[in-house]
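S.K.: Throw the hints in and build the complete structure from the sequences for me.
Number of protein chains: 2
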Amino acid sequence: MIEQHKFELMDAEQLTLKLIEAQYTLKNSRGTDHAKSLVVIVSGIELAGKGEAVKQLREWLDPRYLQVKADIPNLFTQKQSFWQPYAPFIPAEGEIQIMFGNWYSDLLATANHVSEPFDVYLFDDYVERMRAFEQDLKNNHCDVIKIWFDLSWKSLQKRLDHLAPAEQRWHKLHGLNWRNKKQYDNLQRLRQRFTRDWIIIDCEDAAVRDQKFAQYVLQALRHLPKHYENGADLWQQAQIPEALLHPRHAPTDQADYKKRLKKLTNKVAAALRNDQRRIIICFEGMDAAGKGGAIKRIVKKLDPREYSIFTISAPEKFQLRHPYLWRFWNNLQDKSNILIFDRTWYGRVLVERVEGFATAKQWQRAYAEINRFEKDLSDNQTLLIKFWLAISKDEQALRFQSREQTAHKRFKITDEDRRNRSKWPEYLDAAADMLALTDTDYAPWHVIATDDKYTARLEILTAILAQLLAADG
Amino acid sequence: MIEQHKFELMDAEQLTLKLIEAQYTLKNSRGTDHAKSLVVIVSGIELAGKGEAVKQLREWLDPRYLQVKADIPNLFTQKQSFWQPYAPFIPAEGEIQIMFGNWYSDLLATANHVSEPFDVYLFDDYVERMRAFEQDLKNNHCDVIKIWFDLSWKSLQKRLDHLAPAEQRWHKLHGLNWRNKKQYDNLQRLRQRFTRDWIIIDCEDAAVRDQKFAQYVLQALRHLPKHYENGADLWQQAQIPEALLHPRHAPTDQADYKKRLKKLTNKVAAALRNDQRRIIICFEGMDAAGKGGAIKRIVKKLDPREYSIFTISAPEKFQLRHPYLWRFWNNLQDKSNILIFDRTWYGRVLVERVEGFATAKQWQRAYAEINRFEKDLSDNQTLLIKFWLAISKDEQALRFQSREQTAHKRFKITDEDRRNRSKWPEYLDAAADMLALTDTDYAPWHVIATDDKYTARLEILTAILAQLLAADG
Numbered sequence: 004m005i006e007q008h009k010f011e012l013m014d015a016e017q018l019t020l021k022l023i024e025a026q027y028t029l030k031n032s033r034g035t036d037h038a039k040s041l042v043v044i045v046s047g048i049e050l051a052g053k054g055e056a057v058k059q060l061r062e063w064l065d066p067r068y069l070q071v072k073a074d075i076p077n078l079f080t081q082k083q084s085f086w087q088p089y090a091p092f093i094p095a096e097g098e099i100q101i102m103f104g105n106w107y108s109d110l111l112a113t114a115n116h117v118s119e120p121f122d123v124y125l126f127d128d129y130v131e132r133m134r135a136f137e138q139d140l141k142n143n144h145c146d147v148i149k150i151w152f153d154l155s156w157k158s159l160q161k162r163l164d165h166l167a168p169a170e171q172r173w174h175k176l177h178g179l180n181w182r183n184k185k186q187y188d189n190l191q192r193l194r195q196r197f198t199r200d201w202i203i204i205d206c207e208d209a210a211v212r213d214q215k216f217a218q219y220v221l222q223a224l225r226h227l228p229k230h231y232e233n234g235a236d237l238w239q240q241a242q243i244p245e246a247l248l249h250p251r252h253a254p255t256d257q258a259d260y261k262k263r264l265k266k267l268t269n270k271v272a273a274a275l276r277n278d279q280r281r282i283i284i285c286f287e288g289m290d291a292a293g294k295g296g297a298i299k300r301i302v303k304k305l306d307p308r309e310y311s312i313f314t315i316s317a318p319e320k321f322q323l324r325h326p327y328l329w330r331f332w333n334n335l336q337d338k339s340n341i342l343i344f345d346r347t348w349y350g351r352v353l354v355e356r357v358e359g360f361a362t363a364k365q366w367q368r369a370y371a372e373i374n375r376f377e378k379d380l381s382d383n384q385t386l387l388i389k390f391w392l393a394i395s396k397d398e399q400a401l402r403f404q405s406r407e408q409t410a411h412k413r414f415k416i417t418d419e420d421r422r423n424r425s426k427w428p429e430y431l432d433a434a435a436d437m438l439a440l441t442d443t444d445y446a447p448w449h450v451i452a453t454d455d456k457y458t459a460r461l462e463i464l465t466a467i468l469a470q471l472l473a474a475d476g
Numbered sequence: 004m005i006e007q008h009k010f011e012l013m014d015a016e017q018l019t020l021k022l023i024e025a026q027y028t029l030k031n032s033r034g035t036d037h038a039k040s041l042v043v044i045v046s047g048i049e050l051a052g053k054g055e056a057v058k059q060l061r062e063w064l065d066p067r068y069l070q071v072k073a074d075i076p077n078l079f080t081q082k083q084s085f086w087q088p089y090a091p092f093i094p095a096e097g098e099i100q101i102m103f104g105n106w107y108s109d110l111l112a113t114a115n116h117v118s119e120p121f122d123v124y125l126f127d128d129y130v131e132r133m134r135a136f137e138q139d140l141k142n143n144h145c146d147v148i149k150i151w152f153d154l155s156w157k158s159l160q161k162r163l164d165h166l167a168p169a170e171q172r173w174h175k176l177h178g179l180n181w182r183n184k185k186q187y188d189n190l191q192r193l194r195q196r197f198t199r200d201w202i203i204i205d206c207e208d209a210a211v212r213d214q215k216f217a218q219y220v221l222q223a224l225r226h227l228p229k230h231y232e233n234g235a236d237l238w239q240q241a242q243i244p245e246a247l248l249h250p251r252h253a254p255t256d257q258a259d260y261k262k263r264l265k266k267l268t269n270k271v272a273a274a275l276r277n278d279q280r281r282i283i284i285c286f287e288g289m290d291a292a293g294k295g296g297a298i299k300r301i302v303k304k305l306d307p308r309e310y311s312i313f314t315i316s317a318p319e320k321f322q323l324r325h326p327y328l329w330r331f332w333n334n335l336q337d338k339s340n341i342l343i344f345d346r347t348w349y350g351r352v353l354v355e356r357v358e359g360f361a362t363a364k365q366w367q368r369a370y371a372e373i374n375r376f377e378k379d380l381s382d383n384q385t386l387l388i389k390f391w392l393a394i395s396k397d398e399q400a401l402r403f404q405s406r407e408q409t410a411h412k413r414f415k416i417t418d419e420d421r422r423n424r425s426k427w428p429e430y431l432d433a434a435a436d437m438l439a440l441t442d443t444d445y446a447p448w449h450v451i452a453t454d455d456k457y458t459a460r461l462e463i464l465t466a467i468l469a470q471l472l473a474a475d476g
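Residue numbers (the working numbering), protein chains in the order written: chain A, 4 to 476; chain B, 4 to 476.
Just so you know, these hints were derived from the structure itself, not from any lab. Just so you know, not all the hints are guaranteed correct.
One copy or two, it doesn't matter: identical chains are merged, so the pair holds either way.
[Unchecked claim] No more than 25 Å apart at the CA atoms, straight line, and that leaves these computed lysine-lysine pairs for BS3-like:
(1) LYS303 <-> LYS456
(2) LYS9 <-> LYS21
(3) LYS261 <-> LYS378
(4) LYS338 <-> LYS82
(5) LYS261 <-> LYS157
(6) LYS161 <-> LYS266
(7) LYS161 <-> LYS262
(8) LYS303 <-> LYS266
(9) LYS299 <-> LYS9
(10) LYS21 <-> LYS141
(11) LYS175 <-> LYS338
(12) LYS262 <-> LYS9
(13) LYS299 <-> LYS456
(14) LYS338 <-> LYS270
(15) LYS304 <-> LYS261
(16) LYS229 <-> LYS30
(17) LYS30 <-> LYS161
(18) LYS175 <-> LYS161
(19) LYS320 <-> LYS30
(20) LYS270 <-> LYS161
(21) LYS412 <-> LYS299
M.R.: Printed below as a string of structure tokens:
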């Protein structure tokens, strides 16, 4: 926690020198074991001077490595999570992002705009989820500090008295009626529900305000702790479910397979098309388990304008400089109502765990992070349908063999696949933990045995249909 | 041009093998002198089966390096250029992007939706600008092929007869009434205004359709010509204007400087705030010419929620894999109405030209590309205000010296700056060409002498005000 006492005005030259040094140290941390990025969340009373303080900071720092995001508030619509409008702006290692507009300013704007009083429990619930989201950012080396620019009622009124009429109008547009004491008091009450862990800057004096702000940022910039990456001493490995160890081989009667498939395909297409929610269908499973084939059947009767498919491979270098969920946040910016993922964010606890791309601490933490991520989506009119396609090692061998024999399928088998195959038990362990720790009410897993691919296809479609119709669709 | 005759059905195994080989060759071209990306624009008559053909192609290719964009149409609003919704999806070297939704489908949808008949001259003007945009993409190693899926009136009616009612409703939602012969004929007439340079696929037969589509894509994938980068034999260097050779030093009376500055700052803020257009203010100039100081005065009376500042430095590696304007297209996604650029896309014809980061061919071509880019913006309710800040070499030396003496400003002078300084004549040549070739009616340059920075600030604000009030603001 940043210390709030012992404040002293510094020589401005000294301060800017230190800020720039710290900024360059941050920038040069990229790729090291103490790399981080910094989000500065800024909110406060209108006319307290947060804009001026940000402008001053921009002059004291090198503006090339400092972004300022400052849109007018997004009112909460229940159609996207509070973090969604901001996700693309979560900075990369070495960068600083000032969030003048942020999830708290959106929360305050929403609470003040809804006609009925905003339920305080709902308000507190939002705050709790925001804090959890920020903690996840911090754990992923994106530091967050939050600064509230405060101003007393008396000073606010005095400043309003001296404001040009044109400006008065503009400030009113973007908030409350600041002449109304009741509204002011209400806002102060509301913000106290979340500013417990904020830095509060009293903005009576402009010079003190700008310096305090800059000094807090400086303190945060200088804090570049080494990544602490040890895992739990004792990791409680989940038992591997029977369904993964010995996937059923349940042949389908070929006579009516085609008829049933066609009927199901039509039903699934209609149910997907008519659902008002956003649908996210996720596929994970060993190689050659049939993810591609399943996706093909799901979209069979849909038009490409109705869905998007994301085929996930190893992250690019620039993506690795962000929290690992970042690239999926960006995928969610897609406008389609139906999103299908061929491999997903669960890569963190599967391939990244097994191959050592994530540290023990990182993958062990990821279960809770992913659960929160999916909960946020599910709370915002999104239905998650998740599949683990279980294949036996023997059946995989047969499929690899048949691919080897087909020239154009050979590209699908890489040395990587063969390596993965040699780590079969580790992948089963990883899948077992994933199923045990992320099978939630709001985003349950479907484990489908795929040794018989015909049965698997029918079961996948049936499961999608059931989940679409079960929830309040 | 792709040959449209001599079509033969290929063995599907052979075709997919060739497609995947070509796709991997494309992918491996990244970073070489024959690298490219491929955009496949897909449109056509409803039910012709373009969706099926795209799905089939997705199965024949490796889906990890193939993106499909297929939103429902964006109607043209005059608030953004036709390419703006698609700009973020222009693929990086080595990638393939299928644009199932694209600027042509938007054009057709707009022409069919507006209540009054869409003027054919306006239609043709759009088509011309689309072709110019595509040519710019091609020149920047992003190849474009366009494929129209055609279907006769008779076949369309037959397919509608066999469509389930639910599907019929959905298809109707996304286009015309396909039972209306007049609408069908009208669409065919309209599309013929742009399909001259398209590949037309007759979709009577599904197998032929899918193969033709895949074969055309294959042909495009295989075409990986070496980048041809020789410049013009004789480049007509513009004469360096007097204003650049000898920037005036016109001292401002310090007595009323502050008063005038304050008044202008207020006026500019009010004019910017009240303008209904989008405003883009661009700064270019030698180092230490005062770009930062000018920006500071422009935003002085604005709130950060009203503007965004982009401080442009050298592109990142992943940005270099796209056309050079791509990162600026992305900046334009910003929601602010006032965008300020501290350095701009003119880097292509300034630093990239002088330092050799762009080939002669590239920077020579860029003037026309930039003009088209700015024309498109200006045609869509955007006002461009461009400044070249002219400083004398002596004054720059003085400012560098004073920076050297101020610890916190030392970071602003790098070896690069000193190198730039040694190429002063080359930068003046580059600036001269830029001013000669990109000073347009719709986006004129203001050359401001900055040896006296007080005068410069007043002149910049005055110029902004004048341009805001001059045009039909």
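S.K.: All hints are to be evaluated individually against the structure, with a verdict given for each.
M.R.: Now the hints, each set against the structure:
Within a single copy, LYS303 and LYS456 get their C-alpha atoms as close as 17 Å, which meets the 25 Å cut-off; across copies the closest is 66 Å, which misses it. Taking the shortest alpha-carbon separations for LYS9 and LYS21, only the intra-copy value of 18 Å comes in at or below 25 Å, while the best inter-copy value is 71 Å. Within a single copy, LYS261 and LYS378 get their C-alpha atoms no closer than 37 Å, and across copies no closer than 56 Å, so neither meets the 25 Å cut-off. In this assembly of identical chains, LYS338 and LYS82 lie within 25 Å of each other by CA distance both inside one copy and across copies; the values are 12 Å within and 19 Å between.
In the homo-oligomer, the alpha carbons of LYS261 and LYS157 never lie at most 25 Å apart, since the shortest distance is 76 Å inside one protomer and 30 Å across protomers. Taking the shortest alpha-carbon separations for LYS161 and LYS266, only the inter-copy value of 22 Å comes in at or below 25 Å, while the best intra-copy value is 71 Å. For the identical chains of this complex, LYS161 and LYS262 are inter-copy neighbours only, at 24 Å across copies versus 77 Å inside a copy, given an alpha-carbon limit of 25 Å. In this assembly of identical chains, the alpha carbons of LYS303 and LYS266 lie at most 25 Å apart only when taken from the same copy (12 Å versus 65 Å across copies).
Taking the shortest alpha-carbon separations for LYS299 and LYS9, neither the intra-copy value of 64 Å nor the inter-copy value of 31 Å comes in at or below 25 Å. Within a single copy, LYS21 and LYS141 get their C-alpha atoms as close as 24 Å, which meets the 25 Å cut-off; across copies the closest is 47 Å, which misses it. For the identical chains of this complex, LYS175 and LYS338 are inter-copy neighbours only, at 20 Å across copies versus 33 Å inside a copy, given an alpha-carbon limit of 25 Å. In the homo-oligomer, the alpha carbons of LYS262 and LYS9 never lie at most 25 Å apart, since the shortest distance is 77 Å inside one protomer and 38 Å across protomers.
For a Cα distance limit of 25 Å, the shortest separation of LYS299 from LYS456 inside one copy, 13 Å, qualifies, whereas the shortest one across copies, 65 Å, does not. For a Cα distance limit of 25 Å, the shortest separation of LYS338 from LYS270 inside one copy, 23 Å, qualifies, whereas the shortest one across copies, 40 Å, does not. Taking the shortest Cα distances, LYS304 and LYS261 sit within 25 Å of each other inside one copy (15 Å), while across copies they are farther apart (69 Å). For the homomeric pair LYS229 and LYS30, the shortest alpha-carbon distance inside one copy (15 Å) is at most 25 Å, but the shortest distance between copies (37 Å) is not.
Neither within a single protomer nor between protomers do LYS30 and LYS161 lie at most 25 Å apart by alpha-carbon distance, with minima of 42 Å and 64 Å respectively. In this assembly of identical chains, the alpha carbons of LYS175 and LYS161 lie at most 25 Å apart only when taken from the same copy (16 Å versus 60 Å across copies). In this homomeric assembly, LYS320 and LYS30 come within 25 Å of each other (Cα to Cα) both inside a single copy, at 16 Å, and across copies, at 16 Å. With identical chains, the CA atoms of LYS270 and LYS161 are at most 25 Å apart between copies only, with a shortest distance of 24 Å across copies and 65 Å within one.
Taking CA atoms no more than 25 Å apart as the test, LYS412 paired with LYS299 passes inside one copy only; the shortest distance there is 16 Å, against 59 Å between copies.
The structure does not agree with the numbered hints 3, 5, 9, 12 and 17 stated previously, though it agrees with the rest.
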